[in-house]
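Please put together the full structure from these sequences, using the hints given.
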Amino acid sequence: MGKIKVKKSIAGINERIKRGDAVVTTAEEMVELVREKGEVEAAKEVDVVTTGTFAAMCSSGVWLNFGHSDPPIKMQRVWLNDVEAYTGVAAVDAYIGAAQLSETRGFDYGGGHVIEDLVRGKEIALRAIAYGTDCYPRKEIEMTITIHDLNQAVLYNPRNAYQRYAAATNSGEETLYTYMGTLLSNYGNVTFSGAGVLNPLSRDPNYETIGVGTRIFLGGTQGYIAWEGTQHNPTHGLGTIATIGSLKEMSPSYLRGCTIRGYGTSLYVGLGVPIPIINENIARTAGAGEEQLKTELLDYGVPRRDRPVVREVTYAELLSGKIEVKGKEVPVSPLSSFKLAREIADKLKGWIEKGEFFLNPAAELLPRDTAFKPMKQIGVVPLAKDIMTKKVVIATPRDSIASAARIFAEKNFDHLPIVDQNGKLVGIVTSWDIAVAVGTKKRRLSDVLTPKVITAREDEPIDEVARKLERHGISGVPVVDAEGQLKGILTTDDISMLVWRRRR
Amino acid sequence: MIKKVLLRYSTQRATEPILASVIKQTGVLLNILYADFTSRGGEILLSIDAPEQDVGKVIGLLKQRGVEVQELKRVIQLDEEKCFSCGACLSLCPTRALRLADDYSVKLEEDKCIYCEICVPSCPVQALKISKYG
Ligand code: SF4
Ligand code: SF4
Numbered sequence: 001m002g003k004i005k006v007k008k009s010i011a012g013i014n015e016r017i018k019r020g021d022a023v024v025t026t027a028e029e030m031v032e033l034v035r036e037k038g039e040v041e042a043a044k045e046v047d048v049v050t051t052g053t054f055a056a057m058c059s060s061g062v063w064l065n066f067g068h069s070d071p072p073i074k075m076q077r078v079w080l081n082d083v084e085a086y087t088g089v090a091a092v093d094a095y096i097g098a099a100q101l102s103e104t105r106g107f108d109y110g111g112g113h114v115i116e117d118l119v120r121g122k123e124i125a126l127r128a129i130a131y132g133t134d135c136y137p138r139k140e141i142e143m144t145i146t147i148h149d150l151n152q153a154v155l156y157n158p159r160n161a162y163q164r165y166a167a168a169t170n171s172g173e174e175t176l177y178t179y180m181g182t183l184l185s186n187y188g189n190v191t192f193s194g195a196g197v198l199n200p201l202s203r204d205p206n207y208e209t210i211g212v213g214t215r216i217f218l219g220g221t222q223g224y225i226a227w228e229g230t231q232h233n234p235t236h237g238l239g240t241i242a243t244i245g246s247l248k249e250m251s252p253s254y255l256r257g258c259t260i261r262g263y264g265t266s267l268y269v270g271l272g273v274p275i276p277i278i279n280e281n282i283a284r285t286a287g288a289g290e291e292q293l294k295t296e297l298l299d300y301g302v303p304r305r306d307r308p309v310v311r312e313v314t315y316a317e318l319l320s321g322k323i324e325v326k327g328k329e330v331p332v333s334p335l336s337s338f339k340l341a342r343e344i345a346d347k348l349k350g351w352i353e354k355g356e357f358f359l360n361p362a363a364e365l366l367p368r369d370t371a372f373k374p375m376k377q378i379g380v381v382p383l384a385k386d387i388m389t390k391k392v393v394i395a396t397p398r399d400s401i402a403s404a405a406r407i408f409a410e411k412n413f414d415h416l417p418i419v420d421q422n423g424k425l426v427g428i429v430t431s432w433d434i435a436v437a438v439g440t441k442k443r444r445l446s447d448v449l450t451p452k453v454i455t456a457r458e459d460e461p462i463d464e465v466a467r468k469l470e471r472h473g474i475s476g477v478p479v480v481d482a483e484g485q486l487k488g489i490l491t492t493d494d495i496s497m498l499v500w501r502r503r504r
Numbered sequence: 001m002i003k004k005v006l007l008r009y010s011t012q013r014a015t016e017p018i019l020a021s022v023i024k025q026t027g028v029l030l031n032i033l034y035a036d037f038t039s040r041g042g043e044i045l046l047s048i049d050a051p052e053q054d055v056g057k058v059i060g061l062l063k064q065r066g067v068e069v070q071e072l073k074r075v076i077q078l079d080e081e082k083c084f085s086c087g088a089c090l091s092l093c094p095t096r097a098l099r100l101a102d103d104y105s106v107k108l109e110e111d112k113c114i115y116c117e118i119c120v121p122s123c124p125v126q127a128l129k130i131s132k133y134g
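Read top to bottom, the protein sequences are chains W and F. Read left to right, the first sequence gives residues 1 to 504 (our numbering). Read left to right, the second sequence gives residues 1 to 134 (our numbering).
Quick caveat, the hints were computed from the structure, so don't treat them as lab data. Wrong hints could be hidden among the right ones.
Partner residues aside, some chain F positions facing chain W, computed with beta carbon under 10 Å [unchecked claim]: (1) Ala20; (2) Ser122; (3) Val125.
Built from N, CA and C at the ideal position, the CB exists for glycine as well.
Put into structure tokens, the structure is as follows:
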């Protein structure tokens with residue numbers, strides 16, 4: 001790359017912001033500029049690039065301080081609108097997390113909603129219990145509060161604003177409800193998060209300007225980057241930040257509680273980071289087009305930690321609304337609002353231009369070389385193939401109803417898998433099907449079999465199979481390999497045996 | 001009056017001649033809002049803009065020809081105050097009644113909606129609502 005041609009300091013940029021002649025562009029505008037004039041010219045011209053994102057960020061919450069009652073209480077457990085907050089700290093401090101569910105309303109209401117209601121100035125029912133001490137004799141308290149009654153309400157989010165996020169699809173035969181939204185069966189749709197070129201951390205992927213103390217747009221006001229985010233993984237292009245700011249100054253336009261179907265509650269957080277263009281290297285990354293931003297499309301149909309990669313995709317493709325998956329055109333849903341991301345970048349730009357927002361140099365840059373470790377495994381999670389019954393009585397579609405009736409009479413089970421000449425599962429016949437068919441004109445199993453069978457894959461973890469059985473209210477599933485060949489059968493009895501053994 | 005009906009049929013019946021002949025017989029214009037065909041059959045969403053009597057005639061003729069006709073007596077609403085255009089609903093909508101406008105805001109074209117309801121519970125802020133009438 002050679003010698004750096006443009007060098008600017010954050011102090012110099014702040015000087016220009018003060019004078020009102022700093023040049024600010026949004027990331028979208030910067031992409032155009034770099035395309036047109038190249039990174040060196042763009043670096044000379046532009047002082048700050050603004051970014052924005054508005055996405056569900058579960059790792060968010062608020063530190064609250066309620067003040068002391070008379071007589072005082074050392075809150076042992078506390079609920080806000082029936083959503084429990086963590087109180088394992090000093091007497092009247094508590095942390096309400098976005099993903100905590102209401103104890104009375106379940107998925108419909110949670111910590112994210114409490115946070116939004118606080119910001120809206122609504123009344124919140126507060127309830128606390130305590131064991132009582134000499135210094136804190138009170139044992140319970142019930143009242144309503146608003147945000148104005150709190151001493152502090154500090155939004156502190158341990159992990160926000162992923163640098164990029166994998167896109168999701170589902171190869172399975174059932175619709176899945178995930179934190180990546182509703183995923184239709186058979187690659188029916190694709191979802192992704194992240195605001196493309198506006199995505200804050202994607203503009204400084206080498207962490208040359210972003211660090212602890214960087215002033216940012218957070219929830220409609222000015223906040224800060226507090227630390228690297230949990231799971232910060234810049235080595236794989238998956239950096240994150242922890243953010244902090246005063247909830248009392250935030251706006252409900254940029255902080256919204258939400259329910260993600262089948263998953264739980266969360267908080268949509270509006271966040272924007274200003275990127276100071278201190279040299280042409282930053283100009284280049286801040287102006288990288290969405291065709292250069294790649295991520296992976298993962299198959300959530302496989303319920304493992306390491307989900308298979310279906311293909312690599314660019315944000316340009318994802319933002320077009322349709323992408324090709326396995327030879328078929330599939331509709332795409334963004335899960336984060338591009339419209340609000342743009343609004344945030346524009347707003348931050350306006351603040352800087354008007355001299356209402358100054359850059360704060362990072363006290364310390366974020367680490368660039370950490371990777372993210374998976375959870376330590378306690379024992380190995382068994383897979384379907386580990387405990388399934390491998391010797392399975394089977395039949396073919398051409399077999400007679402009478403022969404199946406004989407099998408059911410002799411053996412003690414209710415489900416007979418039907419396979420074709422290649423061993424591929426083509427259906428299932430139950431003892432009930434046979435009971436109904438006897439005495440009718442039906443002769444062959446092909447006349448009575450149910451072709452749509454709920455199956456488990458060989459490498460599916462037992463916990464997932466157990467969930468499947470429960471969801472469908474069935475007592476067993478045939479186990480197949482990737483080609484649909486019947487490999488065994490797994491029943492609720494097999495699973496309870498395993499659980500029983502595990503407990504011992 | 002405008003009435004929306006959903007037609008379902010199996011492949012054994014060629015629908016195009018059916019629709020054509022119904023149009024010819026009644027003189028009523030049928031507007032196809034959405035159509036989906038699979039190997040097992042198809043679905044067509046029609047809007048019929050005609051006096052009530054003629055609408056009845058069209059539905060009668062379709063039924064006579066063995067097409068399953070379902071009248072859609074529902075309305076869908078997108079609460080623009082609540083919706084923040086996240087787009088979670090977009091890829092779920094089978095008819096593209098929900099779409100992204102040029103300014104990246106999410107828009108609903110009720111004309112194309114077949115009230116499948118899949119979008120409703122998938123909206124993170126309950127901005128979509130379907131209600132029945134009639
Ligand atoms: S899912 Fe709800 S909030 Fe998101 S775009 Fe659709 S209607 Fe709007
Ligand atoms: S109910 Fe929702 S998803 Fe279904 S067609 Fe109407 S807008 Fe589309």
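Restraint: F:Ser122 near chain W, CB-CB cut 10 Å. Satisfied or not? For F:Ser122, the interface hint holds, since the closest Cβ of chain W sits about 5 Å away, which is under 10 Å.
Could you check if F:Ala20 really has its C-beta closer than 10 Å to a C-beta on chain W? violated (30 Å)
Quick check on the hint: F:Val125 CB to chain W CB, less than 10 Å? This interface hint holds because 6 Å falls under the 10 Å limit.
Checked against the numbered hints listed earlier, the structure breaks hint 1 alone; every other hint is satisfied.
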